[in-house]
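Heads up: the sequence lines are chains E and D, in that order.
Residue numbers 939 to 1094, in our numbering, belong to the letters of the first sequence in order.
Residue numbers 106 to 361, in our numbering, belong to the letters of the second sequence in order.
In short, the hints are calculated from the structure, not lab data.
Possibly wrong hints are sitting among the right ones.
[Claimed, not checked] Simulated DEER-style distance windows between Cβ atoms:
#1 M988/E x F314/D: 48 to 56 Å
#2 V1082/E x R333/D: 29 to 37 Å
#3 R286/D x S987/E: 41 to 49 Å
#4 R301/D x V1082/E: 52 to 60 Å
[What the hints assert, rightly or not] With a straight-line Cα cutoff of 35 Å, these simulated DSBU-like cross-link-like pairs (lysine-lysine) come out:
#5 K1018/E x K323/D
#6 K1001/E x K179/D
#7 K319/D x K996/E
If you're wondering where the values come from, they're calculated on a predicted model, not measured in any experiment.
Where a beta carbon is used, it is the ideal one built from N, C-alpha and C, also for glycine.
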Amino acid sequence: MSTRWYPLFQPGNPQLRVFLPNFWMKLIRPYAEDDPRPIFPNRVHFIVSMEMTRHDVKNYLKKIYNVDTIAVRTEIRMGKTKEVGKERMVTKEDDYKIAYVTLPEGQDFTFPDIYPKDKVDSKVEDEKKQMENMKTGLKRVKDVTKMKPDLPGWFT
Amino acid sequence: MIRKVVCSALKIPIFHQPKQWLRTTCIRLDLMEFFDDKKNWGEQQIRVGRSWKVDELRLKSNPDLHKLWFVLLKERNMLFTMEHDGKLGHFLFPNPERIDKVEESMSNIETVVRERNRAYYLLETGETGERPGAEIENFLGLQEYVQHKEYAVPEKENKEYLEEKEAEPKSSHEEKTWFLRRWRVKQRKFARAELRRKQFEVIHILRNFPDCDKEVLKEKYPEVNVDRYITRLKSRNYENLIGLSIHQLRCLTRKI
């Protein structure tokens, strides 16, 4: 349950107990919006740390999040190779492991809208307005101190 | 009895009254625990506290550290989820330093637990319960710390291990001494350059800030003979040059 060194397994050994599990899991959207593949309502997709097995994923969800799972399948995907910059330097993204988790029948899960567009846009608008106000303030200060550059700020 | 319980990784601890009318376990939201509080969806800035320091964690009991570990683990998973989705949709993931704070806290917990584990094992068994290793001379002649690996089969019967050992680079005693001689020359050169750099720093400080605290300077640069440079810079003043012989003046004009 961790990325640390495990002692050798010999059949008949007592159960290995890991007290501070190291593994991480990210919940991801199953497929993009325009993807024709069907999205099953009781299927959840995770990106998990590379050292995890199916049993690890199942136990992790059960013990830490109290989520029952029927089946787990894992897949390792290779990271994309990219050409970056003017010199087209070849770089490669990290490989990652996806876990396809099936929940019991009736337990549906849809990925929520974590970044609601209208809220994000309004926040961005607020920040832009703030910038505009700061610019006008600075312009006013500059106009006053154009002829007198050493003038202290009290007079602006 | 008032009990301090930390319900969330980086927030301020909440003081609780007797446990009859208050539950101390976190609300079970199942898969929604992978996401942040709904109020924080779409925010540009989320304010959180700082990471846990080692000294603070040393005060905590082992069950408390265990609980805190899982709180941090869930927080980290949540932050990873939010970051990933933000990258996909090209949205701003607010305060990415939260991940660094969580990871720092987790590594601090590990150091504290490891300290306690080592102490316990050393008291009870005389050995640290950690992975054994040894300092071994490698093919260059340098000492290398090698961590031991566990095998199901003794060394002489382990074909793969023996083949790997055969394939490792080996060198004779003469080759090692040849290398080590040159290696030590290089190390001494670097050490000399390092000392020279520190000496120049001291000189510059004394020149630009002649009223500085000399004792503090000596503490900061223990390898440098600070007194020597104090006397040399002092002797460069005009007043101190009156009454000196030509030989003495010539000694002073050399570069410090």
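(message) I'd like to know which numbered hints this structure contradicts. Please list them from smallest to largest.
(response) Going through the list in order, the structure violates hints 2, 5 and 7 and respects the others.
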